[in-house]
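Enquirer: Got chain A sorted already, so can you dock chain B onto it with the hints?
Protein chains: 2
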Amino acid sequence: MNYIFTNILGTFVLDEKNTIVDSITFKSIEEYKHKETAEAKLQQKHNASPLPKEKLLQALLLFKDAKYYQDFYTKNLELTKAGLKNAVNEDNLIMQAIANINELDKIANTMSKRLREWYSLYFPELSEEIEDHEKYVELVLEQERTQESFGADLSEFDLEEMKLLAGRIISIYALRKQHELYLEKIMTKYCPNLLELAGATIAARLIELGKGLKHLALLPASTVQLLGAEKALFRHLKTGSRSPKYGVIINHPLIQKAPRDKRGKAARMLADKLSLCARLDFFKGEFKALDYRIELEGKLQ
Amino acid sequence: MNYIFTNILGTFVLDEKNTIVDSITFKSIEEYKHKETAEAKLQQKHNASPLPKEKLLQALLLFKDAKYYQDFYTKNLELTKAGLKNAVNEDNLIMQAIANINELDKIANTMSKRLREWYSLYFPELSEEIEDHEKYVELVLEQERTQESFGADLSEFDLEEMKLLAGRIISIYALRKQHELYLEKIMTKYCPNLLELAGATIAARLIELGKGLKHLALLPASTVQLLGAEKALFRHLKTGSRSPKYGVIINHPLIQKAPRDKRGKAARMLADKLSLCARLDFFKGEFKALDYRIELEGKLQ
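These protein sequence lines map, in sequence, to chains A and B. Heads up, the first sequence is in my numbering, so the first residue is 3 and it goes up one at a time. Heads up, the second sequence is in my numbering, so the first residue is 3 and it goes up one at a time.
Rather than coming from a laboratory, the hints here were simulated on the basis of the structure. Remember, it's a predicted structure, so these values are computed and weren't measured experimentally. Worth double-checking, as some hints may not be accurate.
Here are the simulated DSS-like pairs of lysine-lysine, each with C-alpha atoms no more than 30 Å apart in a straight line [stated by the list, open to error]:
#1 B:K213 / A:K165
#2 A:K165 / B:K187
#3 A:K83 / A:K37
#4 B:K179 / A:K115
#5 A:K165 / B:K179
#6 A:K137 / B:K83
#7 B:K187 / A:K115
#8 A:K137 / B:K115
#9 A:K165 / B:K137
#10 A:K179 / B:K137
#11 A:K137 / B:K87
#12 B:K115 / A:K83
#13 B:K115 / A:K165
#14 B:K165 / A:K179
#15 B:K87 / A:K165
#16 A:K19 / A:K35
#17 A:K191 / B:K115
#18 B:K179 / A:K137
#19 A:K165 / B:K191
#20 B:K213 / B:K108
#21 A:K216 / B:K165
Looking at chain A on its own, in the form it has when it is part of the complex (with noise of 0.2 Å):
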């Protein structure tokens, strides 16, 4: 009676006395990836029966010969270099994308504040007037101050640097930017009907926080509702205080629309669609998030 016994290395066909009679060696990590094709080989011209359990002990300790340490290495380092590469995969992309988009509001908003306090010393007024740090930033950049400002006479040597830092941060809100269009690109692709129903920054913390598309889709709706108000829902289990009705959702425009009473109503329904969204992302299915929208729209009116 003959054995098949595959391991990396090849496949092997020992006897009862645990001997190899034949094999095939792999000659690359592809090779041992279709073993199959190799087994079904030598199973036919062995007549060879899969090795028992009760046998397989013997059989490993055929390769703890030293001749094979060096084979063994080569194709195991060979094997976790493929898995490492196969385990970045879009989930990975997308979230560092969304965590610095996360970090360059944060950036942003520090830089403008110390903008406004710096250019004040200049032109005081302008930062009473203008409340969006975006827009005070250019105009820091396009507009002369008025005649009648309180501000101190600085030189074009002191201005300058703040303009500098000006530029730089008009800079920070343009990566910004460009990240939004590139998670839009990867999304198109990899969750569309996520990307249509929640738009790119929604449907990336989403998945951000739903740690990839795969667990995001196999989340119940309700958590899906609740996604990035962990805090809150902690407080409410621990206090009492009052439960949160909505996560990272609460930034849709279907929610933001929504009367102040009406929100929870319609963050629950937006996330029972979210969540269709990722199952039918993850599992490749149609592209409903069309219908979705429009429904939804419907009945929120």
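Expert: Below, chain B without anything else, positioned relative to chain A:
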């Protein structure tokens, strides 16, 4: 007997009955600032003496008339404006620039960490190898990935996004360096001694923490030594932990080069000289910082 009374509107000659017999009105705030000229003129002409205190209220009541209101309003506004304009000095510019340097340091740090995480999907070995953030960011832009890398084979489309981030980080580092040059230029005129002995960054931090050069010049050297170590100092006072030996001056080369057990002494000697420098600079004294530096270098060897 005639009396001279001056307010923001002009200089007035009042007789015993509190009637205005003559006046010179100020056409601008500049004339008010040189009111002595007008006062001297009228004093000579009318042989008038300064208004005694007991007649002040009477004189003030004269100007309660509504016809003066508009004039008071515009002149006061002008005065406030001039006051505000003059309230901004080098201290403010230095404090804003150094505050921004500190923030940019944190920002570059955050962004570099993000880039490391993101780019490591593609080339994890580079982050292992290069510890310095700035060097790392440069290499992301310049160096090709090694063939043996365990990272995933990402497309140019994905890598481009990371390289954009790297480019922004480089420009943040560049702005930080530019701010340092700017500080040096301001300080060369404003506080050359402090600049020479402390270097731009530490000098600016001392001015920031000392709330301006004037205030810094008036602080005892022992306080200068601990500026920036307030947290550790209060912890020491509260919990009896070891008292701090130095604040921001710890980054000074003279302290850094000193052996660990001599650092306290070095800090004290350096703070003494820095305190002298601040005083020389504030009171527009000579340039002695170079001598101080040589003296300290000799003593600390």
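Enquirer: It remains to establish, for every hint, whether it holds in the given structure.
Expert: We went through each hint and held it up to the structure:
{"no.": "1", "hint": "B:K213 / A:K165", "verdict": "25 Å, holds"}
{"no.": "2", "hint": "A:K165 / B:K187", "verdict": "17 Å, holds"}
{"no.": "3", "hint": "A:K83 / A:K37", "verdict": "19 Å, holds"}
{"no.": "4", "hint": "B:K179 / A:K115", "verdict": "20 Å, holds"}
{"no.": "5", "hint": "A:K165 / B:K179", "verdict": "15 Å, holds"}
{"no.": "6", "hint": "A:K137 / B:K83", "verdict": "27 Å, holds"}
{"no.": "7", "hint": "B:K187 / A:K115", "verdict": "25 Å, holds"}
{"no.": "8", "hint": "A:K137 / B:K115", "verdict": "29 Å, holds"}
{"no.": "9", "hint": "A:K165 / B:K137", "verdict": "27 Å, holds"}
{"no.": "10", "hint": "A:K179 / B:K137", "verdict": "27 Å, holds"}
{"no.": "11", "hint": "A:K137 / B:K87", "verdict": "26 Å, holds"}
{"no.": "12", "hint": "B:K115 / A:K83", "verdict": "24 Å, holds"}
{"no.": "13", "hint": "B:K115 / A:K165", "verdict": "27 Å, holds"}
{"no.": "14", "hint": "B:K165 / A:K179", "verdict": "15 Å, holds"}
{"no.": "15", "hint": "B:K87 / A:K165", "verdict": "20 Å, holds"}
{"no.": "16", "hint": "A:K19 / A:K35", "verdict": "28 Å, holds"}
{"no.": "17", "hint": "A:K191 / B:K115", "verdict": "28 Å, holds"}
{"no.": "18", "hint": "B:K179 / A:K137", "verdict": "27 Å, holds"}
{"no.": "19", "hint": "A:K165 / B:K191", "verdict": "23 Å, holds"}
{"no.": "20", "hint": "B:K213 / B:K108", "verdict": "22 Å, holds"}
{"no.": "21", "hint": "A:K216 / B:K165", "verdict": "28 Å, holds"}
Violation of the numbered hints given earlier is absent; every hint is satisfied by the structure.
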